[in-house]
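J.: Protein chains in written order, with the numbering used here: chain A, 226 to 339; chain B, -2 to 111.
The set of hints was computed from the structure by calculation and includes no laboratory data. Hints are supplied without guarantee of correctness; some may be wrong.
[Claimed, not checked] Sample of chain B residues lacking proximity to chain A, with all beta carbon distances greater than 10 Å (derived):
1. A(-1)
2. L8
3. S48
[Said to hold, decoys possible] In the DMTMM-like style, the derived pairs of lysine to aspartate or glutamate whose C-alpha atoms are separated by at most 20 Å in a straight line are:
4. B/K54 with B/E72
5. A/K228 with B/D96
6. A/K298 with B/D96
7. A/K295 with A/D311
8. A/K295 with B/D96
9. B/K(-2) with A/E269
10. A/K228 with B/D98
[As the list claims (entries may be wrong)] Derived contacts from chain A toward chain B, CB cut-off under 7 Å, selection only:
11. G258
12. E269
13. M270
14. Y275
15. R320
16. T321
Glycine included, C-beta positions come from ideal geometry on N, C-alpha and C.
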Amino acid sequence: AQKITQTQPGMFVQEKEAVTLDCTYDTSDPSYGLFWYKQPSSGEMIFLIYQGSYDQQNATEGRYSLNFQKARKSANLVISASQLGDSAMYFCAIRTQGAQKLVFGQGTRLTINP
Amino acid sequence: KAGVTQTPRYLIKTRGQQVTLSCSPISGHRSVSWYQQTPGQGLQFLFEYFSETQRNKGNFPGRFSGRQFSNSRSEMNVSTLELGDSALYLCASSSFGGDTDTQYFGPGTRLTVL
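Just need the whole structure built from these sequences, with the hints factored in.
T.: What follows is the structure, encoded as structure tokens:
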């Protein structure tokens, strides 16, 4: 079975600062994908970034980057130059080979202060 | 390309009634997954359909069912509603449902059971 742990229930960051959201995972499957989603108060889950277990380089998408440490089973999301619009819930999720489902962590509520 | 659409966006039902939720995936996507999100349990996988076949099912009672049509649109049905079924129901679509395949979510249907 797969498991995602997000240890930060809430984070408060000043606008324009960088922020790191923690995510650790547990799986015995050698092939898996790690995903980060953003959920604003409206409820829609917005895909941010993906990292494959065999990817050699850390994924980046604009202001988002993923600090992937495979040996530590860690996949932290880094948001550079935070903006007020980044305030939302952030979920880390894993999907393993052969499994059609995403397994989510409990999420981190990020609040950006002006 | 249009995103994932879900109808209705909001529903209010009473205990014992049944409800049907609809999901239209991104054009060309053949995999549709359903998730239930509640404050207490977080995001939980309900089921996944690919080419009209259910490939995986989460740990939910038989009152929860779904189907997929030949155009990849999907419906989920909850019969004999209970208060605990109040939740945000999210539908997600992806190309083929593999571990490297990104799931894109719709805006969700917020169900309230009175």
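J.: State for each hint whether it applies.
T.: Hint check results:
1. A(-1): Its Cβ never comes within 10 Å of chain A, the nearest being 14 Å, so this holds.
2. L8: Non-interface label stands for B/L8: nearest chain A Cβ at 14 Å, farther than 10 Å.
3. S48: The claim stands: B/S48 keeps its Cβ more than 10 Å from every Cβ of chain A (closest is about 12 Å).
4. B/K54 with B/E72: Holds, because 14 Å separates the two Cα atoms, which is no more than 20 Å.
5. A/K228 with B/D96: holds (15 Å)
6. A/K298 with B/D96: holds (17 Å)
7. A/K295 with A/D311: violated (27 Å)
8. A/K295 with B/D96: holds (16 Å)
9. B/K(-2) with A/E269: Status holds; Cα separation ~17 Å.
10. A/K228 with B/D98: holds (19 Å)
11. G258: holds (5 Å)
12. E269: holds (5 Å)
13. M270: holds (4 Å)
14. Y275: holds (6 Å)
15. R320: With Cβ-Cβ at 5 Å, under 7 Å, it holds.
16. T321: Result: holds, 6 Å to nearest chain B Cβ.
Hint violations for this structure: number 7 only, all remaining hints satisfied.
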